[in-house]
Amino acid sequence: MLSLFLRDTRLGLRAGGGVLIGILFFLAVIAVVPFGVGPDLKLLARIGPAMLWIGALLATLLGLDRLFQADRDDGSLDLLIMASDRHILALTVLVKCLAHWSTCVLPLVIASPLLGLFMNMEPAAIGATTLTLLVGTPAITLIGAVGAAVAVALPRGGLLVSVIILPLTIPVLIFGVSAAYGAVEDPAPFVAPFLILVAITLFFAVIGPLAAAAALKSSAD
21 MLSLFLRDTR LGLRAGGGVL IGILFFLAVI AVVPFGVGPD LKLLARIGPA MLWIGALLAT
81 LLGLDRLFQA DRDDGSLDLL IMASDRHILA LTVLVKCLAH WSTCVLPLVI ASPLLGLFMN
141 MEPAAIGATT LTLLVGTPAI TLIGAVGAAV AVALPRGGLL VSVIILPLTI PVLIFGVSAA
201 YGAVEDPAPF VAPFLILVAI TLFFAVIGPL AAAAALKSSA D
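Each residue of the sequence shown is one higher than the last, beginning at 21 in this note's numbering.
Because the hints were derived from the structure by calculation, they are not lab data.
Since the model is a prediction, treat every value here as computed from it, not as a measurement.
Just so you know, even glycine gets a beta-carbon here, dropped at the ideal spot from N, CA and C.
One or more hints might be untrue.
Pair ranges (Cβ atoms, derived) [stated by the list, open to error]:
#, residue 1, residue 2, range
1, L22, V57, 21 to 29 Å
2, L26, L78, 26 to 34 Å
3, A144, G58, 39 to 47 Å
4, L180, A144, 37 to 45 Å
5, T29, P133, 18 to 26 Å
6, M102, R27, 33 to 41 Å
7, R27, K62, 19 to 27 Å
8, K237, G58, 49 to 57 Å
9, A234, P59, 46 to 54 Å
10, K62, M102, 57 to 65 Å
Below 20 Å or equal to it, Euclidean Cα-Cα: the simulated SDA-like pairs (lysine to any residue) are [unchecked claim]:
#, residue 1, residue 2
11, K62, L78
12, K237, L100
13, K62, A144
14, K62, A212
15, K237, V52
16, K237, R86
17, K237, L99
18, K237, L111
Please construct the entire structure, taking both the sequences and the accompanying hints into account.
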C-alpha cells in the first residue's frame with residue numbers, strides 16, 4: 021500500500037501540471053469575486069469563507085476524473101480488480117484517494133490563507149477556514165472516488181463525475197462554511213458544525229472506498 025501511495029503521488033505530480041492548474045483555478049475564482057461584488061472590504065470579508073470553500077470545491081472537482089484514468093490506460097486497473105476481493109480493492113481505493121488528496125487538494129488548503137488575505141479576512145477567519153478545508157476536503161475526494169469509478173469506463177467521463185458528485189458534496193460545503201463563520205461570528209457555534217464535518221469525512225472514509233470498489237467491480241463485469 022505504501023508503494024501504491026508513492027506511485028500515485030509521483031503520477032499525480034507528473035500529470036500535466038494538475039497541481040498548478042488546480043491552484044491557478046482556485047486563484048482565478050477568488051480573484052474575480054471583487055469584480056463581481058464590488059470593492060466593499062467588509063462585504064468581501066463576510067463572504068470570504070464561503071468563497072474559499074466554493075473555490076476549493078470547484079478546484080477539487082477538476083482532477084477527480086483522473087483518479088483511476090492512468091491505471092485504466094496502462095491496464096493496471098484490470099489487474100487490481102481481478103487480483104483483489106472487494107475489501108482489498110476498497111483499501112486500494114482509499115490509498116489512491118489519500119495520494120490524490122495529498123498531491124492535488126492539499127496544495128489548495130496550503131494556498132487558502134494567502135487567498136484569504138485577498139478577501140480581507142480576519143486572521144481568525146483565515147485559520148478557521150483553513151482548518152475546515154483541511155478536515156472537509158478529504159470527504160470531497162472520497163465522494164469523488166465513487167463518481168470516478170462509475171465513469172472510469174466512459175471515454176469522456178470528466179463532466180459526468182462532476183454532475184454525479186456535486187450534489188453529494190453540498191453537506192460538506194454547508195458544515196464547512198458554517199464552522200468557518202462560527203469562529204468569527206459570536207452567536208454562531210464553531211464546535212458543532214466542525215464535529216459534524218469531521219463525522220462526514222469519517223463516514224465517507226468508510227462508505228466511499230466500498231462504493232467505489234463495487235462500481236469498479238461492476239465496470240469490469
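request  = Check each numbered hint against the structure and report the violated ones by number, ascending.
outcome  = Failing hints, ascending: 1, 3, 6, 7, 11, 14, 15.
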